[in-house]
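A.B. asks: The primary structure of each chain is shown beneath.
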Amino acid sequence: MDQENRVGRHRGRPRRRFAGFRLGGVLLVSLACICPALGQMRPLAIRGATIFTGEGAPLENATLIVEGGEVSRVGVDAKPPLLARTISGRGKYVTPGLIDVWSALAADAAAGSDPTGSSEPTFNRYADHEIQAALRGGVTAIFLPARGRDGVAGRGALIRLQPGGAAADELVLAADAVMCAALGADPRQPALARARSIQEFRKLWQDARDYREAWDDYKDEVEEYDKKIREYAAKGGEPGATSKPAERAAPARPTPDRDLERLRELRRRTAEGADAAAPDAAEAFDPAADESVVTADPSEPPPRRRPQRRGDRDGPAPTPQEGAAPRPSGETGGDPDRPKKPKEPEIDRRKEALLRVLDGELSLWVEVHRAGDIERVLEIAREFNLRIALVGASGAHYVADKIKQAEAPVILTPGPESMLYTGGPTREADPAMGEALCRAGVAVHFGGARGEVSRHLLLAAAARLGACGSETDLLRRLTAGAADLLGVGQKVGRLVKGAHGDFVVWSANPLSPDAVVERVFIGGVEVYKAEKPGVAAEEGD
Amino acid sequence: MRARCGSEVGRVVAVGAALLLISGSAAFADGRVLIRAGGWIDPQGALHRGAVLVVVEGQRVTAVVQDAVEIERAVQARQAADRLDEYGSAVVCPGLIDVRSALGAVGQLRERAAALEPAARAVDALDAASRHFGEAAAAGVTSIALVPEESDVIGGAIGVCRMAGAGGAVLSANGPLRLTIAASTFIPAREPTSRSGAAEMLRAALRAASISGGPLADVAAGRQSAFFWAPSSADVLTALTLAQEFGGLRLVIEHTLDARDVAGELAAAKVPAIVGPFDFDSPRRATTSAAVLHAAGVPVAIAGGTPFESSASLRVGAALAARDGLPADVARRAITLTPAELLGVEKRVGSIAAGKDADLAVFDDDPLRLSAKCRAVYVAGEVVFREFAREQDD
Chain A
1 MDQENRVGRH RGRPRRRFAG FRLGGVLLVS LACICPALGQ MRPLAIRGAT
51 IFTGEGAPLE NATLIVEGGE VSRVGVDAKP PLLARTISGR GKYVTPGLID
101 VWSALAADAA AGSDPTGSSE PTFNRYADHE IQAALRGGVT AIFLPARGRD
151 GVAGRGALIR LQPGGAAADE LVLAADAVMC AALGADPRQP ALARARSIQE
201 FRKLWQDARD YREAWDDYKD EVEEYDKKIR EYAAKGGEPG ATSKPAERAA
251 PARPTPDRDL ERLRELRRRT AEGADAAAPD AAEAFDPAAD ESVVTADPSE
301 PPPRRRPQRR GDRDGPAPTP QEGAAPRPSG ETGGDPDRPK KPKEPEIDRR
351 KEALLRVLDG ELSLWVEVHR AGDIERVLEI AREFNLRIAL VGASGAHYVA
401 DKIKQAEAPV ILTPGPESML YTGGPTREAD PAMGEALCRA GVAVHFGGAR
451 GEVSRHLLLA AAARLGACGS ETDLLRRLTA GAADLLGVGQ KVGRLVKGAH
501 GDFVVWSANP LSPDAVVERV FIGGVEVYKA EKPGVAAEEG D
Chain B
1 MRARCGSEVG RVVAVGAALL LISGSAAFAD GRVLIRAGGW IDPQGALHRG
51 AVLVVVEGQR VTAVVQDAVE IERAVQARQA ADRLDEYGSA VVCPGLIDVR
101 SALGAVGQLR ERAAALEPAA RAVDALDAAS RHFGEAAAAG VTSIALVPEE
151 SDVIGGAIGV CRMAGAGGAV LSANGPLRLT IAASTFIPAR EPTSRSGAAE
201 MLRAALRAAS ISGGPLADVA AGRQSAFFWA PSSADVLTAL TLAQEFGGLR
251 LVIEHTLDAR DVAGELAAAK VPAIVGPFDF DSPRRATTSA AVLHAAGVPV
301 AIAGGTPFES SASLRVGAAL AARDGLPADV ARRAITLTPA ELLGVEKRVG
351 SIAAGKDADL AVFDDDPLRL SAKCRAVYVA GEVVFREFAR EQDD
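In the order they appear, the protein sequences are chains A and B. Take 1 as the starting number for the first sequence in our numbering and just add one per residue. Take 1 as the starting number for the second sequence in our numbering and just add one per residue.
In isolation and in its complexed conformation, chain A is listed as follows:
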């Protein structure tokens, strides 16, 4: 017993000690887990720096405070909160992170040339090497366009270059703002193929418009059919054809949300609504049955013509059959008087995607070169009332006034790489193009186009757009201007209250010849730091 006790005690003590270790270990591990999180939560202050907020003149000797990943205060009199991590900004220059609005950085695969697709999945968030190179150039976000063959290639996405695993909704901004297209951007393309692809490009929008009109017509036909079937029922045609108005809500082609699932749902409801009114519910899903009805009812009201516009339909359009139709007499089945269910148009995902552009919900960025092609694209944009931006646009200086008139922004890419004649899309490239466009009053932006250029985005932009305005103006174009173009001007591109804490600390005015990026923050977290302040890394990549 005693022995047992002793044994028990003997056994118990180390166990307790072990438990203590374990507890300590758990505490350590949990602390280790929490610390970075705490670090992120800890407010951050950059004091005494020259701060360019994205707008107006830079603030001298100002302080930037970031709390919870967002800018909370910026100004000369901003006081850092208690416990804030404070970084001296004396002699430094702080800007919002630069945004490359047309990049190929860390793009793993070409997006398929499909308007329903998006470039977002082609971004390789683990391409640390490329991402670090861009951060070193002060770029914190890139717009990754969908690039494919000629035609509409899909939606692009603005991606914040946060290394590691941030939540996708923080990484990807403006995934649903821009549809990308290309025309004649392939240097190997023969001239005739270019002409044809522009024709096809126009047809794409014409088809999408026709598709919408077919749906609009269908909606009207269903309403009319509903009305008629109710009258038919009231006259004793069908006992089951009582109206259920809620179910027969207007079967419009779903304009605001064109998600495919929702489309299917609506399509189903459309069919059900019609079925509820129709006597033969079983037939409803069977297109063959629909066909048979068509053949069985030659006395149907003629289908509405497609060109009939909304304006006409809103007017009092008396249905011709109302008075003329003989009263139903209660027969079933092949009653020639029973109104015919209208035929539903096919749902087309691609056209749905294009309709978002036609409706002005997405803007359309077209990579196009040569003045003649640019003119054609502007004409198509006017015809279909598209919100467009031109990308690359070599030769745009010849038609600068037309671009200005169309209020189309131009996203320039790095200038001609060679003085030699090229027969490709850059044939009309001109080093002074940016200046000519700016002078004409066109809104000009800049994208690196090749992924590696992001590292020197500021220099490349200075070379291309330098003559457009002051250095501050250039910085604005690459920050607030770029963010506004993508419709996210309140979240990135500016250092204002509520914006993401995405900013860059430069060793000097970013445009001075020896300026170096010293630190980069995304969401208030330091994602890049130069080895030695004021000195670029010694070793190469």
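Please note: incorrect hints may appear among the correct ones.
[Said to hold, decoys possible] In silico DSS-like cross-links for lysine-lysine, where the CA-CA straight-line distance does not exceed 30 angstroms:
| # | chain 1 | residue 1 | chain 2 | residue 2 |
| --- | --- | --- | --- | --- |
| 1 | A | K497 | A | K79 |
| 2 | B | K270 | B | K373 |
| 3 | A | K79 | A | K228 |
| 4 | B | K347 | A | K404 |
| 5 | A | K402 | B | K373 |
| 6 | A | K203 | A | K79 |
Think of the hints as simulated: they come from the structure by calculation, not from any bench.
Using the hints provided, position chain B relative to the given structure of chain A.
C.D. replies: Using the frame of chain A, we list chain B on its own:
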């Protein structure tokens, strides 16, 4: 200095008055050009902000005046025949020099049959009327080195050409020789076919030259330098070995992405290097090489590579090198005076100093700021490009 200025003015007055009697336009042509700007770049590449007056007489710069009072006095004292070119706050820079170019080359710079062409001259392939000269001038480039291609062990003499209006003046037809033993010389149906074979051809030619004379003899004796195309660090080391063997060889290492790895050896052998051209998407290893070589003590020039690269490539290259650690003044020198030295034309071009040719480029700001536009370009005192002319065209 002032006394000399005074006497010069006196002379100009006398000459001007005499010529005015004959023809007004002739008198104008003989007057001085006073270039007033808001900053200048000195021979070492340093940028000095503040009023500056560059006095050009005929083809040469005769004075650079930095003192505001003296500038005012000189401007006031100018004669009717003199012309005052005002550039406000712009910066006067020596005309840029592209140390490796094929600008204006016609026919072939690439010899495929003979591997040893010591007597060939690149300037014989020059089309002085090429439109590229005007384009390059508009970007501030005033001189280029027309370099034979690296297809031969001895490629011939580099020519130094100038953007003199339509003239395309040749500054030096017998510049440094182009040498290499790299794989680019291995062309089917001719020798050499191996690296050691190429090295042996070069050795034999150098030994023979000291007897037969000609351009190669000048190189062997160190009276002329040679550009050695060395794409890899192994090529650099072979070049250094050859230089050691033939005591007097003055080599310049050219086009090497790996020179940074042998920077210490280059510095010890006092051999300069040419890097570039660089573009915005050049790898960081390339753009930092200028800084690494400079830090090791190697004189560095940055090539532009026109016309294969854009006319802005010299400034782009220098700006990228400066971003990646090369001091700004060294970067400016690397596209002006350093190339002139390597080409042996430093007594005439590459810097702004009294007695040198008036090859000047006026930029809105520091040429390393790529947003700065080129306002005007002078070659041998003559305006070959002026920015407002372009605006009038539009």
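A.B. asks: Against the structure, test the hints numbered earlier, and report the numbers of the ones violated in rising order.
C.D. replies: Violated hints: 2, 3, 4 and 6; rest satisfied.
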